[in-house]
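Fit chain L to the known structure of chain Z by using the hints.
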Amino acid sequence: MIDLLRNLDRRWIFLAMLLAVSIPILAQQSFPERPTKTVLDVFNYIEGLPEGSNILLSFDFGPSSDGELEPIATAVVRHCCLKRHKMFFMTLYPDGVPLPERTIKSVIEQEFESYNFKYGEDYINLGFNNAEELVIIVMGTDIKKMFPTDIEKKPLDGFPIAENITSLEDMDLIFTITTGYPGMKEWVQYGSSPLGVKLAVGSTAVQAPEAYPYLPDQMLGLLAAIKGAAEYEAALADKYPAFRDPAKNQGIKRMAPQFWAHLLIIGLIVLGNVVYFADRFQGARR
Amino acid sequence: MLKSTFPWLIVAVTGCVMIAAFFVPPLAEWKNEAGAWFEILAAMAFVVGGANLFAQHLKKISARRAGWGYSAVTLFSFVVTLVVGLFKVGVIGEDPNYPWAGHYQAEGSALWWLYQFAYQPLIGTMFALLAFYVASAAFRAFRAKNTEATMLLTAAFIVLLGRTYAGTWLTSAVPDDYSALTFPGMTAIILGVFNTAGQRAIMIGIALGVAATSLKVLLGVDRSYLGSDGD
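Chains as they are written, first to last, in my numbering: chain Z, 9 to 294; chain L, 3 to 233.
Only chain Z is shown next, with the shape it has when bound in the complex (with noise of 0.2 angstroms):
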């Protein structure tokens, strides 16, 4: 057996894990989910806010993030549009300026289409600009200096939404959803931390552990990838029953195939650690 385990060819390790995520979701399997502090934080704050409140939503990530990040933007975006707040879409990435694009057809003007909402009026996107944690800075003081235009480069001015918005100061909450540089951190620094306006943020996995030290003084709260957005999905279920079919949370669903494959790694750190015990034992018998 530990021969066996020994001279284990990967790529039976390779089909394992294939089955162990594929099985999931052709079986569509999921989960219940209990959303925690860091989660409920930032859905609170979203739901105690005022109708028409102002929400800037950074999409920092680009498509090789976007199987972990898209349920994150899919949820808040849901949630902004419930509750009728402004939104105002951008991005840092020049691989994400279609993103913010298409969870604006897929949230707001087709899951959404009956609330009627208006291009220019309940959301704008202002695109991309390249100047990085400059941007930021810039916009702390002045937001049109870095977006005079929106996405098809037509004046800001000339939108309702954008009439009575200066600096991110007009911002009643900043929600960046991110996976690196720059993100988080420059958000923090140039953003949230100098000018006092509240910042949630939505990132990938590997970044999570990254954010913990700024919740909750400089952070208010943190959606860390695929188990962020289900505990988003599962709070926002509990208080609109209308999304509690699973068949709508993106989230909820991509937990399944996590819950087997962190089961198998687990599995196979266990066998890795079998194989090391007994080769130690046999190097000490002889």
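Hints were generated in silico from the structure; no laboratory data involved.
Even for Gly, the Cβ is constructed at its ideal location relative to N, Cα and C.
It is possible that some hints are incorrect.
Unchecked claim - Rough simulated footprint, nothing fancy, chain L against chain Z, three-plus residues with beta-carbon under 8 angstroms:
1. 21-32
2. 66-77
3. 235-243
4. 255-261
Quick look at chain L alone, frame taken from chain Z:
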């Protein structure tokens, strides 16, 4: 002079402007000007980066070095993406009198198609492969060789279980008053206490290092970023 002093002067003046704009409120407008300059420079960096990529891969192809085929694919993809993006191929503007007025990534355009059906699936697939390599590495490399590795292993087990329903289910019998003893509770403690303490120490260390290095760069003591004389 041109190679060393002039670039240092640009760096020093820009750095001092940003410091002054941060600490002196009436000068806050200066950072907006610096922002506009940085935007232009960052845009130029895209051009320089693109030209460099083109030159390096062209050299590799002409010298028929190992893997030149991959360079050919890279260059082909680069040129196609650049051309369809620059010339807005397939973009239909709102007003037919101004066909170039539409957005370069408008739905249905060639660049949108490339992003949607080539770039996004390719990069998504590449990152999805990580799960397979992580599983293989977990079996071969994650060993309890000493006390530190055993502690790391224990923390990993708790977090892996605590971040899924498995952890909730396994410790569902634990009363709510002792929720810190459940896997999600222990995960929260590991991330919120031990991880935070370590991260803060690292962050403070990095911040001090950045401040010291920035000061050296501003004062011209450290000019390593300009390259050596032979460059």
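Hints and how they fare:
1. 21-32: holds (count 6)
2. 66-77: With 6 residues close enough to chain L, the hint holds.
3. 235-243: violated (count 1)
4. 255-261: violated (count 0)
In this structure, the hints that do not hold are numbers 3 and 4, in rising order.
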